[in-house]
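**Student:** Chain by chain, the residues run as shown.
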Amino acid sequence: MFNGLNHKALFRKIKLVILIATLYLSPSIYALAADPAESTDVEFAIFTLNNELPPLSKSKARMLYRGKSKKIGGSLKIVLVDLPETSMHREDFYSMLLGKSVTQMNGYWAGLAFSGKGSPPEELDSDDIKQILKWLNENPNGIAYAPIESVPEEVNILITVPQGE
Amino acid sequence: MLLSRQCTIIILSLGMIANSQASIELTDDIMLSGFGSTSISKTDNKTPLFVNREITDETCYDCDTIFGLQLDVDLFEGLDVSAQLVKRTQDNWSEPELEWAYLGYEFGDFEIRAGRLRIPLFLVSEFYYVGQAYTWAKPPEEVYDAILGFTSYDGFSLAWDYEISDELSLHISPYYGFDKLNEVEIGTDTLQFDTEYLAGVYVDLVSFNYRVHAGFMQAKYTQRPSPQPQTLNIYTLGVEYSLDAWLWMAEIEYDELQVNWYASAAYAFDELTPYLVYAESHELRESKGVTVGLRYDATSTISLNLEMRSIFSHEPGNRAQFITSPLLYGEKEDVDLLSLTVNFVF
Chain A
46 MFNGLNHKAL FRKIKLVILI ATLYLSPSIY ALAADPAEST DVEFAIFTLN NELPPLSKSK
106 ARMLYRGKSK KIGGSLKIVL VDLPETSMHR EDFYSMLLGK SVTQMNGYWA GLAFSGKGSP
166 PEELDSDDIK QILKWLNENP NGIAYAPIES VPEEVNILIT VPQGE
Chain V
22 MLLSRQCTII ILSLGMIANS QASIELTDDI MLSGFGSTSI SKTDNKTPLF VNREITDETC
82 YDCDTIFGLQ LDVDLFEGLD VSAQLVKRTQ DNWSEPELEW AYLGYEFGDF EIRAGRLRIP
142 LFLVSEFYYV GQAYTWAKPP EEVYDAILGF TSYDGFSLAW DYEISDELSL HISPYYGFDK
202 LNEVEIGTDT LQFDTEYLAG VYVDLVSFNY RVHAGFMQAK YTQRPSPQPQ TLNIYTLGVE
262 YSLDAWLWMA EIEYDELQVN WYASAAYAFD ELTPYLVYAE SHELRESKGV TVGLRYDATS
322 TISLNLEMRS IFSHEPGNRA QFITSPLLYG EKEDVDLLSL TVNFVF
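These protein sequences, in sequence, are chains A and V.
Quick note on our numbering: the first sequence kicks off at 46 and runs consecutively.
Quick note on our numbering: the second sequence kicks off at 22 and runs consecutively.
Just chain V, with the same shape it has in the complex:
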């Protein structure tokens, strides 16, 4: 009973990965790699917490489970294909999602990509599902769930890289997504958003120890069954700065419905990295939250996160970071979350 099947699977897979190389080179031009995360999570509130995860006061072994495979193929100089198949937190193992699949062509300082691509709104958007690549167990929901966790679009992007100096480079990337139906399950309901188009641009200023990321995206959509189209203009700004063992990050998201932000600090003592995150959501969701966490890098490809999180809301009836108002469950507005997460890459 104590050591459920889930734990056994985690431990066995840890053992396998611990001794394997970080990615598999099938031939010189074909590379298969993968990533995953899973956790044991529990809150002290019956209301399901976080869209697409829905963690409650019953110990959950698969609320945060992600597994992804990425295939990269170099066709010839400058032309490559990449595909990522991901079992996201909300997916069943039998129904993973093709999170991206694109053809990319690089010429000089430009790169054009076409296919299914990742919406590049935030600092870690492009590796949102790869827990091993960031310090936290999961990116702060206050900001990253602002658009209900939609992460991909079907369309094309253009990127231009310009080296301003030896230590500073500029990256500008406009993108456009065509008509697509996005669905999100909230409890037993399915919300359907028919996106007519989305268009955006992001600008990155990159140095060896910092990155500034500014984004804008406009989306025109209708939420079924309403026939009324709506337009959402989203602005994002993120800064990441590292000095020796410190890593500071802060991001803000703003659109017609809401403002959300977080600030995070982490300090790496060799394999142990304690971190602290403070986050706020306003208007659409009203909450303030603190996360205290510890990441343990067991090997260079496996890490554990122990996280304690408290989210407070002072507006009764508001859903805050829950999937719906806690009043519907006869619950209080505040919630504590405890989770132990394992991340790996190969």
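So here's chain A without its partners, still in its complex pose:
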């Protein structure tokens, strides 16, 4: 289709750039790769330390984590926190709740952030439950997620994923 004299040269260049870019990036790609074999039967809790927050419906939880809603009960503005990108829990959580990969989620957040409609959740340095609880302590309207077995009993669980309610 391309009859130009140097179309072969263009394809060679393109191949070269892809190759170089791939090689250059490969360490970070490996670092991000999670093992999907281990991630089948985790159950997550979406929770808070604020006892005034009402339980969430699955629809509401999905709206919040897609950045399409920022409030609970019509007026209470809530804040989300995310686990680090290297955390396998993060990949599992978004895949279970929204059917989306972390990469797709980052694309959505870029769209929201660069249109002045919201900013992505703050990201913790580790997915350790102590870190999560510390953040929730500092953010009274904060909501976090974690595998249900790591969540202490005294927190306010708003919904579990994938079971719901």
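Check before you lean on any hint, since a few could be wrong.
What the hints assert, rightly or not - Pulled a few chain A residues facing chain V out of the computed Cβ check, cut under 10 angstroms:
| # | residue |
| --- | --- |
| 1 | A106 |
| 2 | L109 |
| 3 | Y110 |
| 4 | K113 |
| 5 | K116 |
| 6 | S120 |
| 7 | S132 |
| 8 | H134 |
| 9 | G144 |
| 10 | M150 |
| 11 | A155 |
| 12 | G161 |
| 13 | K162 |
The hints are simulated quantities; they were obtained by calculation from the structure and are not laboratory data.
Heads up, the beta-carbon is just placed ideally off N, CA and C, and yes, glycines get one too.
Using the hints, position chain V against chain A.
**Tutor:** Below, chain V alone, put in the same frame as chain A:
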């Protein structure tokens, strides 16, 4: 010769960004973030293709280059300032454009913004310059170039958010833009549009996996040197729906001069997303086009797009998606475009 300076720059910047955080928090209340895209593009037609990009049959390394910086400052509860400086495809690096700069105030379910704002006609209008945020290498020109790529206005907007239910919210936003001179360069000519005012409204129906966007805008302008004012009424409707790994989008634009639409489907296999777009333009521009593309998400902040596009026109003399009639270049009406694009955000 093969690896030009441009490629070296791309590769070096990829490396820098690959290991950095997605945005820089200067203090708790000040955030600096950025985005960019660049490509290697080539067509099989001498006539420059697309307003503001002008891609020809000579391999082009900077026809699609965009770089933007955004600064967000929270002044106090509810009041914020945001500014976006963008080197658009048509700008020189030394002359970037202040694409938006506004003061926003949020109270309850309302938000008012004043300053330079983005014209919100289409689904991705508000992040038009951020390639990382949509699947394609660039939004379909058939629809997005309908008003010659004008993207901003100086004025104010009001937005009202209403949660209909747990899974559905309504967003209504009227806006008004004051007198502004818009210029667009077509080849070596500069077209000047003196906009007396523009007024519009858009309505969004938003659920977690779909969005319906309906817009109306009226603009009164004179195209210099003609003293005759003209009024254009633009209607837009867009739908975006995602189910699991699928993402479907379709949009239509209608005004007194033209009708344009596209439909797009994409399927994400982990990092690889193949996509297909079909688009048509009628009246002002006459063309039908197909895009086949592959997006590769290298990391969560960098992606590559390989795109092959064919645009057909059956009306000799019509400019279709070119900047002018291909007859002026002694060329055929049809064109194929091949491009490799890199997008990033930080």
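**Student:** All the hints need checking, so say for each whether the structure fits it.
**Tutor:** Do the hints match the structure? See the list:
{"no.": "1", "hint": "A106", "verdict": "holds (9 angstroms)"}
{"no.": "2", "hint": "L109", "verdict": "holds (9 angstroms)"}
{"no.": "3", "hint": "Y110", "verdict": "holds (8 angstroms)"}
{"no.": "4", "hint": "K113", "verdict": "holds (5 angstroms)"}
{"no.": "5", "hint": "K116", "verdict": "holds (7 angstroms)"}
{"no.": "6", "hint": "S120", "verdict": "holds (8 angstroms)"}
{"no.": "7", "hint": "S132", "verdict": "violated (13 angstroms)"}
{"no.": "8", "hint": "H134", "verdict": "violated (16 angstroms)"}
{"no.": "9", "hint": "G144", "verdict": "holds (5 angstroms)"}
{"no.": "10", "hint": "M150", "verdict": "holds (8 angstroms)"}
{"no.": "11", "hint": "A155", "verdict": "holds (4 angstroms)"}
{"no.": "12", "hint": "G161", "verdict": "holds (5 angstroms)"}
{"no.": "13", "hint": "K162", "verdict": "holds (7 angstroms)"}
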